[in-house]
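Asks: With the hints as extra help, turn the sequences into a complete structure.
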Amino acid sequence: MSDKTDTTYDIVVFGATSFVGQILTKYLLKTYGTGKDLKWAIGGRSESKLQTLKSDLGKDGSELPVIVADASDESALKALCDQTRVVISTVGPYALYGEPLVKVCAETGTDYCDLTGEVQWIRKMVDKYEDTAKSSGARIVHSCGFDSIPSDMGVWFLQQQAEQTFGKPCRDVRMRVKAAKGEFSGGTVASLVNAVKEAAADPALRKEMANPFSICPEGHRSEVRQPNIKGAQHDKELDVWLAPFVMSAINNRIVHRSNALQDARYGKEFTYDEAMIVGRGLQGRLTAYGVTAALGGFVTASAFKPSRWVVEKFVPKPGEGPSPEVQEAGYYDLRFVGKTEDGKTIKTKVVGDRDPGYGSTSKMLGEAGACLAFDMADKPGGFWTPSSLMDGKLFDRLTSKAGLTFEVLETS
Numbered sequence: 000m001s002d003k004t005d006t007t008y009d010i011v012v013f014g015a016t017s018f019v020g021q022i023l024t025k026y027l028l029k030t031y032g033t034g035k036d037l038k039w040a041i042g043g044r045s046e047s048k049l050q051t052l053k054s055d056l057g058k059d060g061s062e063l064p065v066i067v068a069d070a071s072d073e074s075a076l077k078a079l080c081d082q083t084r085v086v087i088s089t090v091g092p093y094a095l096y097g098e099p100l101v102k103v104c105a106e107t108g109t110d111y112c113d114l115t116g117e118v119q120w121i122r123k124m125v126d127k128y129e130d131t132a133k134s135s136g137a138r139i140v141h142s143c144g145f146d147s148i149p150s151d152m153g154v155w156f157l158q159q160q161a162e163q164t165f166g167k168p169c170r171d172v173r174m175r176v177k178a179a180k181g182e183f184s185g186g187t188v189a190s191l192v193n194a195v196k197e198a199a200a201d202p203a204l205r206k207e208m209a210n211p212f213s214i215c216p217e218g219h220r221s222e223v224r225q226p227n228i229k230g231a232q233h234d235k236e237l238d239v240w241l242a243p244f245v246m247s248a249i250n251n252r253i254v255h256r257s258n259a260l261q262d263a264r265y266g267k268e269f270t271y272d273e274a275m276i277v278g279r280g281l282q283g284r285l286t287a288y289g290v291t292a293a294l295g296g297f298v299t300a301s302a303f304k305p306s307r308w309v310v311e312k313f314v315p316k317p318g319e320g321p322s323p324e325v326q327e328a329g330y331y332d333l334r335f336v337g338k339t340e341d342g343k344t345i346k347t348k349v350v351g352d353r354d355p356g357y358g359s360t361s362k363m364l365g366e367a368g369a370c371l372a373f374d375m376a377d378k379p380g381g382f383w384t385p386s387s388l389m390d391g392k393l394f395d396r397l398t399s400k401a402g403l404t405f406e407v408l409e410t411s
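Going by numbering that gives the first Met the number 0, 303 is the number at position 304 of the sequence shown; the sequence numbering is gapless.
Everything labelled a hint here was simulated from the structure, so no lab data went into it. Do not rely on the hints blindly, as some may be mistaken.
What the hints assert, rightly or not - Restricting the straight-line Cα-Cα distance to at most 30 Å, the calculated cross-link-like pairs of lysine-lysine (DSBU-like) are:
no., residue 1, residue 2
1, Lys348, Lys229
2, Lys346, Lys3
3, Lys29, Lys48
4, Lys392, Lys25
5, Lys177, Lys338
6, Lys267, Lys123
7, Lys35, Lys58
8, Lys58, Lys48
9, Lys133, Lys38
10, Lys400, Lys346
11, Lys25, Lys3
12, Lys180, Lys235
13, Lys3, Lys133
14, Lys267, Lys133
15, Lys123, Lys392
16, Lys346, Lys392
Replies: Below, the structure written as structure tokens:
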């Protein structure tokens with residue numbers, strides 16, 4: 000375990016002037032204040048922008064300490080890490096800018112969380128720095144935003160309930176996005192475009208990204224074929240039409256890594272998939288095909304240089320996002336259906352009270368950082384997932400502070 004107990008700060012928000020970073024900073028300020036139980040600071044490469052952020056936060060933010068460090072400057076990042084027990088990073092795309100900070104955190108025993116959905120980068124970081132993190136005691140937790148806390152903790156909650164009700168976990172779990180209101184963040188779009196660009200240039204990477212167990216420890220995989228909804232599909236059980244869910248590529252892999260890190264608690268033949276519910280009847284079918292075509296067009300356009308500029312020109316840019324009013328009006332409703340090997344069924348739901356990409360993500364990310372700072376003293380270092388490391392402690396924070404609700408709908 001890390002022995003970092005005498006640092007100046009509990010948390011440093013790195014990338015505090017990014018769009019999500021600003022929302023996160025406002026959340027921490029409103030929830031925890033400054034100089035109280037949670038001692039925290041803001042960091043980034045531009046002191047002038049950090050000072051502007053403090054001014055924008057008003058009187059309450061005037062006491063926030065500022066740490067200046069560039070994402071590519073390892074010596075500056077080490078000086079930052081020496082002052083804190085936890086770093087929350089919003090500096091993406093992480094495949095372009097994130098590695099030096101992960102490296103330094105792993106070396107210095109500093110806990111770390113982020114909101115990346117870049118599975119190819121996570122695999123790279125695990126391969127390069129997991130042994131270092133285990134040795135130093137640093138707990139590294141990727142994907143602590145909408146991708147992938149609702150999915151990962153949603154499955155964790157369902158399996159907890161299944162074990163209590165049936166005495167065993169569910170072998171098969173499906174997540175369906177029943178409803179959501181919000182906008183794609185510019186950072187998310189930039190990360191998706193970069194991932195497609197990398198995959199288009201590297202056949203080995205394309206194969207890696209097609210593997211649902213790509214970020215699991217070596218040797219962990221199911222012999223059962225994993226479902227993968229790539230196109231319009233009718234769900235006979237629910238009598239609804241489904242379309243691919245763009246975040247499933249990362250969420251599926253985080254859930255499988257969680258299973259692996261818990262010694263296959265969900266079973267060695269556990270299956271999981273995600274999709275969007277888009278409607279019933281003819282209208283639902285047309286919508287499902289339309290969504291599938293739109294996603295396919297985005298991926299194809301992002302893969303080739305002549306058309307990539309069109310995507311980058313018309314989608315949100317990193318640092319752009321919706322107004323506070325739009326964030327406040329957003330929400331999401333995710334439904335989970337689990338089945339045990341002997342046919343018992345449990346249905347649950349997870350609801351978030353803000354838009355997925357900004358308001359809810361910022362609250363989840365903040366509580367993941369607080370959980371690392373205060374609730375994980377007995378946990379070893381390494382690369383973890385939200386549920387495999389923080390489990391019930393994070394669940395309590397999500398439900399009491401971050402606006403998430405988890406509910407059992409029915410069992411049979």
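Asks: Each of the hints needs a verdict: does it hold here or not?
Replies: Verification of the hints:
no. : hint            : verdict
1   : Lys348 x Lys229 : holds (23 Å)
2   : Lys346 x Lys3   : violated (42 Å)
3   : Lys29 x Lys48   : holds (20 Å)
4   : Lys392 x Lys25  : holds (23 Å)
5   : Lys177 x Lys338 : holds (19 Å)
6   : Lys267 x Lys123 : holds (24 Å)
7   : Lys35 x Lys58   : holds (16 Å)
8   : Lys58 x Lys48   : holds (17 Å)
9   : Lys133 x Lys38  : holds (26 Å)
10  : Lys400 x Lys346 : holds (24 Å)
11  : Lys25 x Lys3    : holds (26 Å)
12  : Lys180 x Lys235 : holds (26 Å)
13  : Lys3 x Lys133   : holds (14 Å)
14  : Lys267 x Lys133 : holds (25 Å)
15  : Lys123 x Lys392 : holds (28 Å)
16  : Lys346 x Lys392 : holds (23 Å)
Hint violations for this structure: number 2 only, all remaining hints satisfied.
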